[in-house]
Amino acid sequence: MPARLADLLFCLLGLGTALAAALSLFGGPRGAGIGALADMTSPAFFPAVGAIALAVASLAIVARSFSGPAAAALENPGLRPLLILVVVFVMALLIGQIGFLETLIIGLLVLPPVFGMRDLRLILPTAATVPLAVYLLFERVLLVRFPDGVIF
Amino acid sequence: MLIEAIQHGLSVLTDPLALAAALAGLAAGIVVGALPGLTATMAVAVLAPFTFFMDATIGIPFLLGIYKGAIYGGSIPAITINTPGTAAAAATAIDGAALARKGFGRKALEMSLVASVMADLLATLVLIFVAAPLASIAIGFGSPDFTMLYLFALVMIAGVSGSSAAKGAFAVALGVLVACVGLDPMSGASRLTFGVIDLWGGISLVPLLIGMFALSEVLVQAERLGRERLNQVKVEMAVEGITRAEVRAATPTILRSSGIGAFLGALPGLGAEISCWIAYGMAKRRSMQPETFGQGSLEGVAAAEAGNNAVCPAALIPMMVFGIPGDTITAVLLGAFMAQGLLPGPLLFDQHGPVLYGFFAILLITNVMLLVFGLGAIRYLRHITAIPPGVLYPTVIALCFAGTFAVNNAVFDWWIMLVGAVLGYAMRKADVPIPPLVIAMLLTPGLESSLRQSLTLSDGSLLIFVTEPIAATLLVVIAAIICLLGWQSLTTQRPSTNQQGI
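Chains A and B, in that order, give the protein sequences. Take the first sequence: its letters are residues 1 to 152, numbered as in our numbering. Take the second sequence: its letters are residues 1 to 502, numbered as in our numbering.
By construction, these hints were calculated from the structure, which means they are not laboratory data. Not one of these hints is a red herring.
Chain A regions said to be covered by chain B (calculated; three or more residues, Cβ under 8 Å):
id: 1; stretch: 52-59
id: 2; stretch: 126-139
To give an idea of the interface, some chain B residues facing chain A are shown, with a C-beta separation under 10 Å as derived from the structure:
id: 3; residue: V172
id: 4; residue: L174
id: 5; residue: L462
Here are a few chain B residues that sit away from chain A, every Cβ distance over 10 Å (derived from the structure):
id: 6; residue: I139
id: 7; residue: Q351
id: 8; residue: L371
Glycine is no exception: its CB is placed at the ideal position from the N, C-alpha and C atoms.
Please model the entire structure based on the sequences and the hints provided.
Set out below in structure tokens:
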């Protein structure tokens, strides 16, 4: 991806976040109104300043990116980070349904191949021992109550 | 009072639990630091939730041990496989790996250890002798002074982090917004919650940090897999280690680099990854044999390692005295201190002086531990780098899930962690620095409260920031820094950093 495109995307992210913050602060029937900007002790003042600074910084990033020589293109991330994010997202969803330990076991069976490991003699012991060790350490030693699962 | 505090500090040296916690933290830190791709920040962020279940006198030494161990541990893969375990060890890799290729890997590893220990010891003494007197001065600071101090820290961190001030300012502004999410502490008004009740309590710091530093690092490392091949250099342990003469010859360099590291560490935003390069460059300029730098110079290894290790204790000075973290690791430590009921700031020494001196004693004793443990374990530590990524990174992900939930026992924190991971990964890719976001998030509540107090005191007049001498001086310094940064950004192009972890 060209560096300028990445800068442009970040600028849009910043402007979008700033706009959402402004709408949340000043818009709607319960909004503080734009007059809150004049009162530095108002609860809306600080987030409003943050939103304005974010919008200005976003525009400055793009202005600087397009005014100078183009920076080197960003390396193509490939599919692996996206796959990991999907697995982690599914794990977060599954924990509430089937429980913490079960989800970790599934996660540790699925993740090693994503990291390029195909050897089942390593994957299976890892998936069996790591989740159990983490579970016992937190639940039994540190007394953290994880969401209950279908088995544990 | 001071004598009592020091006596308590010394009594900690005989507390076996505190010592065991420090040693365990040191060992965990070295192991994590030695694993390429696992940063010191990641180590502290992932393991910090463990300490919430411990007494402060055990939990904080554990975290301090991790901090020290991880910074040193980063030098092991830098020397053995020419891949810095942490960004702070990048300069070590130049001469360390060159020495290993020549068959002097053991000398490089031992010099790295000796320089780390000496620098850490000196910087710890600076911390001990500077922090308490500075805190007694800081007690006299009023809310206008603190307002300007927080602003100074934010301007510094925005200005010096990353490849451009605009990107630093972007991260700071985003951090300010993130910090404002939740109920306003003074009026109770809901801010930026978008109707989500889980956000009323604000965005939990540790889950966000775990996402931004640990999970996003896993994503970055996953991307690199297959693209970069590790070239393990066999480190021959049968050859002679460093001699006393070599240590003596490197001592002036170590002392100079320690001074540089301690000074830069005490300033917000300038962490170990910057000081190692400055110390290395300075050592090369002052060396009698500058041509050996880059070809395998023990002096180069000593300079880089002393430069990055001296930062650790020094970065605790602004954190403990003003509640301003110097870098991302001290930002996580700040969170851990607060979770233990130790509120960093000028009153910390007044209220918890004996505990703090206990921590200082632990910092000193961990240096001895690091030397003894390191010398004995070097021959085994170099094998840590052989752990397959398919085992390592899924284990880190499992710990991220457990650690995140342990903070508040809240399922919602997993979603905060995931958002943090995506945001952290995107910021790394676009070369937007992460530390300013985290530090802004930590400083914003203090800045907001001191600004409101100042304006209440002055009946809404901004003149209070000009009439108070300390605040006025800081205001001038802030204005000067902004002008300098503006001038620099118009005239020069900074190189891309793309090194977010320490």
